[in-house]
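So the sequence lines, in the order shown, correspond to chains A and B.
Start counting the first sequence at 1; every next residue gets the next number (this note's numbering).
Start counting the second sequence at 1; every next residue gets the next number (this note's numbering).
Don't read these hints as lab results, they were simulated from the structure.
Here the structure is a predicted model, which means the values were calculated and not measured.
Ideal Cβ placement from N, Cα and C applies to all residues, glycine included.
Just so you know, not all the hints are guaranteed correct.
Think about it this way: if two alpha-carbon atoms lie no more than 27 Å apart in a straight line, the pair counts; the simulated DSS-like pairs of lysine-lysine are [as the list claims (entries may be wrong)]:
| no. | chain 1 | residue 1 | chain 2 | residue 2 |
| --- | --- | --- | --- | --- |
| 1 | B | Lys264 | A | Lys355 |
| 2 | A | Lys355 | A | Lys128 |
| 3 | A | Lys355 | B | Lys242 |
| 4 | A | Lys249 | B | Lys394 |
| 5 | B | Lys259 | A | Lys313 |
| 6 | B | Lys264 | A | Lys313 |
Residues of chain A clear of chain B, computed beta-carbon distances all greater than 12 Å [what the hints assert, rightly or not]:
| no. | residue |
| --- | --- |
| 7 | Arg28 |
| 8 | Thr134 |
| 9 | Phe261 |
| 10 | Ala269 |
| 11 | Tyr283 |
| 12 | Phe299 |
| 13 | Leu354 |
Across the chosen pairs, the derived CB separations fall in these ranges [said to hold, decoys possible]:
| no. | chain 1 | residue 1 | chain 2 | residue 2 | range |
| --- | --- | --- | --- | --- | --- |
| 14 | A | Phe261 | B | Ala309 | 34 to 40 Å |
| 15 | B | Arg376 | A | Gly255 | 34 to 40 Å |
| 16 | B | Pro135 | A | Gly324 | 52 to 58 Å |
| 17 | B | Arg19 | A | Ala122 | 36 to 42 Å |
| 18 | A | Leu7 | B | Gly9 | 47 to 53 Å |
| 19 | A | Ala359 | B | Ser271 | 35 to 41 Å |
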Amino acid sequence: MTEDQTLLHDASDRYLRDSYDFNARRERIALGVYTDPQHWRAFAEMGWLALPVPEILDGLGLGTRECAILAELCGQYLITEPLIDVLAAVSALIAPSPHAERWLGHVVGGELITVAAIDEGAGQRSKKPSTKLTQVDSGWRLTGSKQWINAGPSATHFIVLATVEEGFAWVICPRDAAGVNCEDFPTHDGRGGTNCAFNTEIEENQILLSGEPAQAALDAYRELAMILSSAETLGAANAALDTTVEYTKQRVQFGQPLSSFQALQHRMANMLIQIELTRSLVYAACDAADGDTPDQSRFARAAKVKASSVGRKVSQEAIQLHGGIATTDEYIVGHFFKRITALDSWVCSRGEALKEFMAVSG
Amino acid sequence: MNASNPYPGDYSAFRETVREFLTAGLTPELARAGERTTSVFSDFEAGRQWQSILHAKGWGAPEWPLEYGGTGWDIQQRYIFLEECRLANAPNPVMMGVQMLGPMLMHFGTEAQKSAYLPGIISGDDVWCQGYSEPGSGSDLASLKTTANRDGDEYVVNGTKIWTSMAHYANWIFCLVRTDKSVKPQAGISFLLIDMATPGITVTPFSSLDGEIEQCQVFFEDARVPVSNLLGEENQGWTVAKYLLEFERGGQHFTIDLKKQLRKLRRLIGSEANAAAEDPTFVYRIAETEIDVLALEQTELRIKGTVAAGEHPGALSSLVKVSGTELGQQCAELLIEAAGQGAMPWQSEVLSPEYEGPTAAPEECVTTMAEYINSRSTTIYGGTAEIQRGIIAKHVLGL
Numbered sequence: 001m002t003e004d005q006t007l008l009h010d011a012s013d014r015y016l017r018d019s020y021d022f023n024a025r026r027e028r029i030a031l032g033v034y035t036d037p038q039h040w041r042a043f044a045e046m047g048w049l050a051l052p053v054p055e056i057l058d059g060l061g062l063g064t065r066e067c068a069i070l071a072e073l074c075g076q077y078l079i080t081e082p083l084i085d086v087l088a089a090v091s092a093l094i095a096p097s098p099h100a101e102r103w104l105g106h107v108v109g110g111e112l113i114t115v116a117a118i119d120e121g122a123g124q125r126s127k128k129p130s131t132k133l134t135q136v137d138s139g140w141r142l143t144g145s146k147q148w149i150n151a152g153p154s155a156t157h158f159i160v161l162a163t164v165e166e167g168f169a170w171v172i173c174p175r176d177a178a179g180v181n182c183e184d185f186p187t188h189d190g191r192g193g194t195n196c197a198f199n200t201e202i203e204e205n206q207i208l209l210s211g212e213p214a215q216a217a218l219d220a221y222r223e224l225a226m227i228l229s230s231a232e233t234l235g236a237a238n239a240a241l242d243t244t245v246e247y248t249k250q251r252v253q254f255g256q257p258l259s260s261f262q263a264l265q266h267r268m269a270n271m272l273i274q275i276e277l278t279r280s281l282v283y284a285a286c287d288a289a290d291g292d293t294p295d296q297s298r299f300a301r302a303a304k305v306k307a308s309s310v311g312r313k314v315s316q317e318a319i320q321l322h323g324g325i326a327t328t329d330e331y332i333v334g335h336f337f338k339r340i341t342a343l344d345s346w347v348c349s350r351g352e353a354l355k356e357f358m359a360v361s362g
Numbered sequence: 001m002n003a004s005n006p007y008p009g010d011y012s013a014f015r016e017t018v019r020e021f022l023t024a025g026l027t028p029e030l031a032r033a034g035e036r037t038t039s040v041f042s043d044f045e046a047g048r049q050w051q052s053i054l055h056a057k058g059w060g061a062p063e064w065p066l067e068y069g070g071t072g073w074d075i076q077q078r079y080i081f082l083e084e085c086r087l088a089n090a091p092n093p094v095m096m097g098v099q100m101l102g103p104m105l106m107h108f109g110t111e112a113q114k115s116a117y118l119p120g121i122i123s124g125d126d127v128w129c130q131g132y133s134e135p136g137s138g139s140d141l142a143s144l145k146t147t148a149n150r151d152g153d154e155y156v157v158n159g160t161k162i163w164t165s166m167a168h169y170a171n172w173i174f175c176l177v178r179t180d181k182s183v184k185p186q187a188g189i190s191f192l193l194i195d196m197a198t199p200g201i202t203v204t205p206f207s208s209l210d211g212e213i214e215q216c217q218v219f220f221e222d223a224r225v226p227v228s229n230l231l232g233e234e235n236q237g238w239t240v241a242k243y244l245l246e247f248e249r250g251g252q253h254f255t256i257d258l259k260k261q262l263r264k265l266r267r268l269i270g271s272e273a274n275a276a277a278e279d280p281t282f283v284y285r286i287a288e289t290e291i292d293v294l295a296l297e298q299t300e301l302r303i304k305g306t307v308a309a310g311e312h313p314g315a316l317s318s319l320v321k322v323s324g325t326e327l328g329q330q331c332a333e334l335l336i337e338a339a340g341q342g343a344m345p346w347q348s349e350v351l352s353p354e355y356e357g358p359t360a361a362p363e364e365c366v367t368t369m370a371e372y373i374n375s376r377s378t379t380i381y382g383g384t385a386e387i388q389r390g391i392i393a394k395h396v397l398g399l
C-alpha cells in the first residue's frame with residue numbers, strides 16, 4: 001500500500017471499529033433497517049462515496065485499489081449499507097453519463113442511494129433484459145420488472161438495465177415514483193432485497209447511458225463488481241479466520257485449547273494460505289484495472305473465481321472449527337459465512353467468471 | 001503491501017544479454033537434457049557441463065556476493081536470469097553446493113574454509129551432497145543419531161545418512177552429526193564437511209519409483225574427519241543449518257515451471273484429437289489451475305516487493321513452498337490425465353540427452369509419467385507440506 005492508501009485504510013478502519021457495532025447491527029436488521037442514516041452520512045462525510053469520482057466532477061479521482069480497501073473493510077465489519085454497490089454504480093454508471101452532474105453531487109453527498117438493478121430472475125442474467133425503455137409521445141416509458149435486487153431496501157433510486165432499440169440503456173429511477181411498485185424482503189446476508197415492477201414515465205436526464213456506451217458501462221460495472229465483491233469476500237474470510245484463531249485459543253476441550261490440536265492447526269494454516277493467495281490476486285486485479293492494462297479483464301475474473309472458492313471454503317471451515325456456537329445467530333462467524341455466500345452470486349457468479357476467464361484467456 | 005512488480009524499470013537490455021548468452025552457450029544436447037529433466041536434477045554430466053559454462057561467463061552463482069564470485073545483480077535481474085534459463089531448457093546443475101552449502105560457508109566459515117571450498121563449488125569441480133536425514137530421522141531431524149566423537153585432531157564418524165541425493169556422484173558431503181548426547185537434541189549437533197574419499201564411507205544408491213537413480217544411503221564406519229572441517233562451532237550445527245532458511249528469503253520461484261507445465265498441457269490437448277480436450281470438465285480444471293498459478297505468481301511478486309523494501313517475508317515463504325509444490329502436483333496430474341496410456345511406456349534411455357532413437361511414448365509424453373511420479377516427493381523433501389503448515393500455524397497464526 002502507498003502512504004495515502006495506508007492512511008485511507010487506517011482512518012476507515014478506526015471509524016468502523018469504533019462505531020460499527022455487531023449487536024447494534026443485529027437489532028437494526030431485525031427492524032428492517034439495513035442502512036443506518038448516521039453511518040451513511042459519515043461515509044459521505046469521510047469522502048468514501050466520492051472515492052472513484054473523477055476530480056473533474058469534484059470527486060477524489062481515486063482508483064479501484066482504494067475502493068477495494070473499503071470493500072475489504074465492508075467484509076471485515078459486515079457492513080449492511082450498500083457501499084460497494086454504490087461505488088460500482090457511481091464509477092461505472094453515473095460518472096460516465098452525460099447527465100452525471102444532475103445526479104453525482106446528490107449521490108456522493110449521501111442524499112441519494114443508487115443501486116443497480118440488473119437481474120430479472122433465475123437464468124436471465126446473460127440474456128437481454130425484458131425490461132424495456134420505449135419512446136412515447138410524452139417522452140420515455142420504462143416497463144418491466146427486476147428481481148432480487150440486493151440491498152434494494154436501502155436504495156432511494158434504482159439504476160435499471162433496460163433494453164432499447166439500439167441495445168441497452170441505464171435508467172435511473174426513484175423507488176417512490178408513480179408507477180414503481182417495490183416489494184422488499186429480508187435476506188440472509190442482512191442487507192435486504194427488493195423485487196420491483198416498473199411502468200413509469202422517464203425524463204431525458206434519467207437516461208444515464210444508452211446504446212454503445214451503455215454496453216461499455218455494463219462491462220465496466222460487472223468488472224468492478226467482480227473485483228469489489230472479491231475484495232469484500234477477502235475481508236470477510238480474513239475476519240472469519242481471525243475469529244476462528246482467537247476462539248480456538250480460548251476454547252478448552254480434553255484439558256487443552258483447541259488450537260493445540262495439529263489437525264485443527266493445519267486446517268487454519270490452509271485457510272491462511274488460501275486467503276493470502278486470494279489477496280495477491282485481488283490486489284493484482286486492482287492494479288491491472290487502475291493501470292488500464294490489457295490483462296485487466298482476465299485478472300478481474302481470476303480474482304472473482306479464486307475469492308468465491310476460497311471465501312466459501314474458509315467460511316465453512318470457520319464454522320466447523322468453532323463447533324456449535326458458530327451455528328447461532330448471536331455469534332459473528334455465521335454472518336461472515338452468509339455474506340460471503342451472497343457475494344458469490346452477486347452480479348457475476350463464480351461459474352460465469354470462470355467461463356469468461358477462459359474466453360478472455362483465449 | 002503492493003502486489004505490483006516492485007521493479008518496474010526497464011530490464012529488456014539485460015534480458016536480451018541473457019538470451020544472447022543462452023543462444024550461444026546452450027548446445028542442443030544441453031537443452032535436450034533440460035527438456036528431458038523429470039525431477040529437480042537434470043542429467044548429471046549435462047548439469048556439470050552447464051555449471052562450468054556459467055562459471056566461465058562469471059554467472060556461476062548469481063545469488064552470491066560479488067567478492068565470492070557473484071554477479072552483483074539485483075533481485076529482478078536474478079529472476080530474469082532464472083526465468084530465461086528455464087524457458088530455454090537449460091539443465092539444472094546439482095544445487096547442493098552453490099545454493100545450499102555456499103551461503104552457510106560464507107556466513108560461518110573461516111577464511112581458510114572459504115578459500116578452500118568456495119572456488120570448487122562455483123566452478124562445479126567439486127560436487128557436494130547433503131547429509132541430513134537418517135533412516136530414523138526425517139521430519140524430526142534433530143533426533144539424528146550419526147555420531148562424531150573427538151579423538152585428538154579428528155572426529156570419528158559412525159552412522160548412516162539417507163535420501164542423500166547425488167551422493168554417488170559427489171566427492172564431498174556436508175553432514176549434521178551428533179557431538180553431544182547429554183543436552184537437548186538441537187544443542188548437541190555439529191556441522192561437518194567430509195571428503196567422500198575418506199576410508200570408512202560407503203555409498204549405496206537406490207532406484208526411485210521412476211527407475212532412475214538419484215537417491216543414496218551413505219554409511220560411515222569409523223570415518224576420521226579433521227577437526228578443521230567443522231563449520232561453525234562444535235554443537236552449533238543446528239544454527240548453521242537453520243541459517244540457510246534465512247538466506248532463501250529472496251523467495252522461491254515456482255511459477256516459471258508451473259507456466260511451462262501449463263503450456264505443455266495446452267500443447268498436449270491441442271494436438272490431434274485429444275480426448276481430454278473434448279471433456280468440458282477437464283478444460284474447466286485447467287482454467288482453475290491457471291487461476292491458482294496466477295495467484296501464486298502474484299504472491300511471489302509480493303514477496304519480491306517485501307524483500308526489495310528490506311523487510312523479511314517470514315512465513316510467506318512456507319506458504320509459497322506449500323502452494324508451489326502442491327500446484328506442481330496438480331499440473332502433473334492434469335498432464336498425466338491428458339496423456340492417458342500414452343504416458344505408460346517405460347523407456348529409461350529416452351531420458352538420456354544423447355538418445356536419438358524412436359520413442360514408445362508420443363514425443364510430448366516421454367517425461368510425463370516420470371514427472372508425475374517425481375512430483376510426489378516435492379511435498380516431502382525440504383520440509384514436508386505438514387512441517388510447512390506447522391510453521392505457518394505457529395509463526396503466523398500464533399497457535
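Checked hints:
1. Proposed proximity of B/Lys264 and A/Lys355 is supported: the alpha carbons are some 22 Å apart, at most 27 Å.
2. At most 27 Å may separate the alpha-carbon atoms for a hinted pair to count; A/Lys355 and A/Lys128 meet this at roughly 19 Å.
3. The suggested pairing of A/Lys355 with B/Lys242 is violated, with an alpha-carbon distance near 45 Å, which exceeds 27 Å.
4. Between the alpha carbons of A/Lys249 and B/Lys394 the distance comes to roughly 12 Å, so the proposed pair stays at or under 27 Å and holds.
5. Using a Cα cut-off of 27 Å, the hinted pair B/Lys259 and A/Lys313 holds, with the two alpha carbons roughly 26 Å apart.
6. Distance restraint check for B/Lys264 and A/Lys313: the Cα-Cα separation of roughly 30 Å exceeds the 27 Å cut-off, and the hinted pair is therefore not satisfied.
7. Separation of A/Arg28 from chain B is adequate, the least Cβ-Cβ distance of about 33 Å exceeding the 12 Å criterion.
8. Look at A/Thr134: its CB is around 40 Å from the nearest CB on chain B, clear of 12 Å, so calling it non-interface holds up.
9. The beta carbon of A/Phe261 is not kept farther than 12 Å from every beta carbon of chain B, the shortest such distance being approximately 9 Å.
10. Separation of A/Ala269 from chain B is inadequate, the least Cβ-Cβ distance of about 4 Å not exceeding the 12 Å criterion.
11. At roughly 4 Å, the least C-beta separation between A/Tyr283 and chain B is not larger than 12 Å, which violates its mark as non-interface.
12. The non-interface label for A/Phe299 is inconsistent with chain B: the shortest C-beta to C-beta separation is roughly 8 Å, within 12 Å.
13. Against chain B, the non-interface label of A/Leu354 is violated: not every CB pair exceeds 12 Å, the least being about 6 Å.
14. For A/Phe261 and B/Ala309, the hinted distance range of 34 to 40 Å is satisfied, since their beta carbons lie about 36 Å from each other.
15. Between B/Arg376 and A/Gly255 the beta carbons are some 38 Å apart, a value that agrees with the proposed interval 34 to 40 Å.
16. For the pair B/Pro135 and A/Gly324, the supplied restraint of 52 to 58 Å is violated, since their beta-carbon distance comes to about 45 Å.
17. The hinted range of 36 to 42 Å is not satisfied by B/Arg19 and A/Ala122, whose Cβ atoms lie roughly 53 Å apart.
18. The hint said 47 to 53 Å for the Cβ distance between A/Leu7 and B/Gly9, and at roughly 27 Å that hint is violated.
19. Judged by the Cβ atoms, the range 35 to 41 Å given for A/Ala359 and B/Ser271 is violated: they are separated by roughly 22 Å.
In summary, the numbered hints that this structure violates are 3, 6, 9, 10, 11, 12, 13, 16, 17, 18, 19.
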